[in-house]
Amino acid sequence: MENVKNYLNLFIEYLQIEKNYSQYTIVNYLHDLNDFFSFMEKEGLERLDDVQYSDIRIFLTDLSKKYSKTSISRKISSIRTFYHFLLREKYVTDNPFSLVSLPKQKKAIPRFLFDEELEMLFSISDLNDPLGQRNQLILEFLYGTGIRVSELCQIRLEDLDFSIETILVNGKGNKQRYVPFGSYARQAAERYIHDGRSKLMKNQSGQDHRFLFVNHRGKPLTARGVRYILKQLIDASAKNLHLHPHMFRHTFATHLLNAGADLRSVQELLGHVHLSSTQIYTHVSKDHLKNVYMAYHPRAKDS
241 MENVKNYLNL
251 FIEYLQIEKN
261 YSQYTIVNYL
271 HDLNDFFSFM
281 EKEGLERLDD
291 VQYSDIRIFL
301 TDLSKKYSKT
311 SISRKISSIR
321 TFYHFLLREK
331 YVTDNPFSLV
341 SLPKQKKAIP
351 RFLFDEELEM
361 LFSISDLNDP
371 LGQRNQLILE
381 FLYGTGIRVS
391 ELCQIRLEDL
401 DFSIETILVN
411 GKGNKQRYVP
421 FGSYARQAAE
431 RYIHDGRSKL
441 MKNQSGQDHR
451 FLFVNHRGKP
461 LTARGVRYIL
471 KQLIDASAKN
481 LHLHPHMFRH
491 TFATHLLNAG
501 ADLRSVQELL
511 GHVHLSSTQI
521 YTHVSKDHLK
531 NVYMAYHPRA
541 KDS
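Residue numbers for the sequence shown follow the working numbering, so the first one is 241 and each next one is one higher.
Derived from the structure by calculation, the hints contain no laboratory data.
Think of the CB as a built atom: it goes at the ideal place given N, C-alpha and C, for glycine as much as any other residue.
Watch out, some of these pointers could steer you wrong.
[Said to hold, decoys possible] No more than 27 Å apart at the CA atoms, straight line, and that leaves these computed lysine-lysine pairs for BS3-like:
#1 Lys309 with Lys412
#2 Lys471 with Lys439
#3 Lys471 with Lys412
#4 Lys459 with Lys442
#5 Lys305 with Lys282
#6 Lys306 with Lys330
#7 Lys245 with Lys306
#8 Lys459 with Lys415
#9 Lys442 with Lys471
#10 Lys259 with Lys305
#11 Lys282 with Lys306
#12 Lys415 with Lys259
#13 Lys282 with Lys330
#14 Lys330 with Lys309
#15 Lys309 with Lys259
#16 Lys282 with Lys259
#17 Lys412 with Lys459
#18 Lys412 with Lys259
[Stated by the list, open to error] For each label pair, taking beta carbons as the anchor points, the in silico distance ranges come out as:
#19 Arg464 with Lys330: 33 to 41 Å
#20 Ser505 with Asn243: 47 to 55 Å
#21 His271 with Leu367: 36 to 44 Å
Turn these sequences into a full structure, and let the hints steer you where they fit.
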């Protein structure tokens, strides 16, 4: 399978240069493709052109024993894209995955945070401590702007414009957008930049940098580091709350729609390419409106 490794290197280059995908996305592609290559090796398939539809059926059966429908769909999509690239470059004669239908999935309603959960999280950090100031700003930006964790970690000092209270956000595919932030986030940002970050940067031993969020050694904070910080905050709260960073994004969108924001504006703030990605939040909003109606309209209650 020597040629497969060569093709993989070319594919990675294609994802980096032509598609302009992030390192995180490319790593996911590699995980998906490695599962397929392991299957090929096990089945004695030397060349990518050797793979038949009957082999794919066996592969799908193997995947179904280990992964959810969502994960399987992503893996098939990754492999299909890989074959599509090879077919375009004339390294293979066919894309056997082009006829594979993805498993049907029920769209999950996004889980968002309730007001009391948000209040609890915002009350934990010690604002006299540099790390506490940083953690508070992480919460303010995740909830107050709806940005992704990957976008949060890429914010540089020069991306903040305090005069008009906006952040220049580098989104997926290096697409940039401006996102506003409010007075709470502004106060938290000014406090952290002038006090907390300055103190943390004194621990920096390597090359200086302009990233806004740093760890205790003054190094740029990673997405993994943010997830660890959120886990620490939950542990400190002694609450049994299953929290992942994207829940702040869900909450941001849901709260805007519940308050009457239009869908197109929320789409732009979130950096969604397709409106359908934003529309899932309207289900949550409809539930909210139904609850309000049932609670307050005299004709909604049982006689």
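Quick rundown of the hints versus the structure:
In summary, the hint linking Lys309 to Lys412 is supported, as the alpha carbons are separated by about 24 Å, within the 27 Å threshold. In summary, the hint linking Lys471 to Lys439 is supported, as the alpha carbons are separated by about 24 Å, within the 27 Å threshold. Taken as a hint, the Lys471 and Lys412 pair is honoured in the structure, with Cα atoms around 25 Å apart against an allowance of 27 Å. Proposed proximity of Lys459 and Lys442 is supported: the alpha carbons are some 11 Å apart, at most 27 Å.
Taking the CA atoms of Lys305 and Lys282, the gap is about 16 Å. The hint holds against a cut of 27 Å. For the proposed pair Lys306 and Lys330, the alpha carbon gap of about 33 Å is over 27 Å, so the pair is violated. The straight-line distance between the Cα atoms of Lys245 and Lys306 is roughly 25 Å, inside the 27 Å bound, and the hint therefore holds. For the suggested pair Lys459 and Lys415, the alpha carbons sit about 25 Å apart, so the restraint of at most 27 Å is met.
Restraint check for Lys442 and Lys471: satisfied, since their Cα atoms lie roughly 26 Å apart, inside the 27 Å limit. Between Lys259 and Lys305, the direct Cα distance comes to roughly 32 Å. Violation of the 27 Å bound is thereby established for this hinted pair. Taken as a hint, the Lys282 and Lys306 pair is honoured in the structure, with Cα atoms around 16 Å apart against an allowance of 27 Å. Taken as a hint, the Lys415 and Lys259 pair is honoured in the structure, with Cα atoms around 12 Å apart against an allowance of 27 Å.
Restraint check for Lys282 and Lys330: the C-alpha separation of about 26 Å stays at or below 27 Å, so the hint holds. Restraint check: the Cα-Cα separation between Lys330 and Lys309 comes to about 31 Å, which exceeds 27 Å; the hinted pair is violated. Our distance criterion of 27 Å between C-alpha atoms is met by Lys309 and Lys259, whose separation comes to about 26 Å. As the CA atoms of Lys282 and Lys259 are separated by approximately 31 Å, the hinted pair breaks the 27 Å bound.
Taken as a hint, the Lys412 and Lys459 pair is honoured in the structure, with Cα atoms around 23 Å apart against an allowance of 27 Å. A distance of roughly 11 Å separates the Cα atoms of Lys412 and Lys259; the hinted pair therefore holds under the 27 Å criterion. For Arg464 and Lys330, the Cβ-Cβ distance of about 39 Å falls inside the hinted range of 33 to 41 Å, so the restraint holds. As the Cβ distance of Ser505 to Asn243 is approximately 49 Å, the hint placing it in 47 to 55 Å holds.
At about 40 Å, the CB distance of His271 to Leu367 agrees with the hint of 36 to 44 Å.
Checked against the numbered hints given earlier, this structure breaks hints 6, 10, 14 and 16; the rest are met.
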